[in-house]
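Participant: Each chain, letter by letter, is given below.
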Amino acid sequence: MKLITAVLQPSALEPVKTALAEVGVTGMTIYDAKGHGAQIGKVEVYRSQRVKVDFLPKISLEIVVADEELDAALDAIQDAARTGAIGDGKIWVTDVLQVIRVRTGETGPTAIR
Amino acid sequence: MDIASQVNTAWMLTATVAVTLMLPGLALYYGGLSRTKNILNTMMIVLGGFAVTAVLWVLFGYGLTLGDSVGGAGLIGDPTTLFGIQSLLGAETPEGAVPGILIAVFQLIFAGLTVGIIGGAVEGRMKFSSWLIFSGLWATLVYFPVAHWVFAFDAPDGSTTGGWIANGLHAIDFAGGTAVHMNAGVAALVLAFFLGRRRDFPHVGRPGNLPIAVVGGGLLLVGWYGFNGGSSGGINESAGVAVTNTLIAACAGLLGWLLIERIVRKAATSLGAISGILGGLVGITPAANSVSPIGAVIIGFLAGIVAFAALGLKEKLGYDDALDAVAIHMFPGIFGTLAIGFLADPSSPAGATGILFGGDWSLLGTQAIAIVTVFVYTFVVTALISWLLKVTVGLRVADSTEVTGLDTTLHAETAYDLDDVRS
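As you go down the protein sequences, you meet chains E and F in turn. Residue numbering for the first sequence follows this note's numbering, beginning at 1 and increasing consecutively. Residue numbering for the second sequence follows this note's numbering, beginning at 114 and increasing consecutively.
Think of the hints as simulated: they come from the structure by calculation, not from any bench. Yeah, the Cβ is synthetic: ideal placement off N, Cα and C, and Gly gets one too. Zero decoy hints are in this set.
Derived DEER-like restraints, expressed as beta-carbon distance ranges:
id, chain 1, residue 1, chain 2, residue 2, range
1, F, ALA481, E, GLY37, 54 to 62 Å
2, F, LYS429, E, ASP71, 58 to 66 Å
3, E, TYR31, F, LEU126, 51 to 59 Å
Here are some, though not all, of the chain F residues that point toward chain E, as calculated from beta-carbon distances under 10 Å:
id, residue
4, LEU146
5, PRO315
6, VAL317
7, GLY318
8, ARG319
9, LEU323
10, GLU374
11, LYS379
12, ALA380
13, GLY385
14, PHE421
15, LEU424
16, GLY425
17, ASP437
Take these sequences, add in the hints, and give me the full structure.
Facilitator: Next up, the structure:
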């Protein structure tokens, strides 16, 4: 089992959600996040004072998938989130030791979906 | 009370209610411009300063301001017979006039707002207790005398003598370009110097809640009808002209600011819009009954540009006037007071003649003398008060308090609780 963490533009949320549903991934947790990578901030103006905003609004998605679903899910996220512009985001994958469904007590891959 | 008195009283009651809107207006406007961690403290500064001033006004401020001038010198009113404004109860109202007690409360609001405007300079770093003491000392030693000079007119029957600027110099300051706006702006400048900069000046971050500030600016605009319209003292030609000029100058101020902002900073901002409105309103305040509507457009438009141009001074001179009381009140206040010298229209209710209408330079000179005198007096006395507080109770909170924010540390509150998760 794998944990996919994707930090993306807020505008990518809807297309990514739809694309993941199409490949059969239905569960996810999202967070409002702030961050920057290569794209470093923008400038706002308050009473002629230039304010450099270093951290831009992002969304962070966490998705747990079974090993055989991983590649399909990664492709779906990338295709839906890619605009080609700087600031599209990052995706990384980590191993997951255990998953438990609280309602039934099921464990392992059967607890994921 | 005769019918003329009743009619005039009805308008002054209305104007008093309207001008009171400027209290929440100022609190919301300044509060919204503060950083998220200080919004409540900033609102408390406006409300607290107003309240201290109001109580002192009733005790002796009214007497110092509108009482019979001591020795006829026009420098300060005599409060002894007016303590607690007790003697205004049951006082006979002259034919056509407005009861003294109503004038007292109308003028009280001017005093409280003037102190509140100074509060824009101190965002995020001043001790609340120290601010309240400052408010009381400043109202007593600066506002009450200056307002006496500018707002206390000789009684028509000669029974009382008023202030020297209004009656001796004959400068035109309809509703307080010098006594209110420039006065508060100079005090903000001086207090900001003594208080010192915020730790992260000039990179202090963003206003906490701009829509709240826009709401506050809107309330200030509505309240300004009472401020300028009520300064007519009753239902007369001045009232209508003043209200008209007030609105026009506000709109012209907005356009002036946005134009220059768009050129210089490549963006027309909402904060710029309310700043321009306020700059225009401040500019027209001394001139509301002495210029034509076209004159009001010119004053408002240029006042918006003047206010914008003044913003850069704080970084050049190194004072941290956090919410720009100097740029928005002092400079447009001075500008509007001087502009009367050029734009005073002889067909307006005030009837003075400016240079552009064929008048001589004497009116401009008179206006300049009023400005310089008030500027110097306020600068020196505010410096003395600020210094005294700095070496006694202290002006500034601890560094850790400033970093955390004054809402939680001084007032034990948080402005926003938008999360369902309990914290």
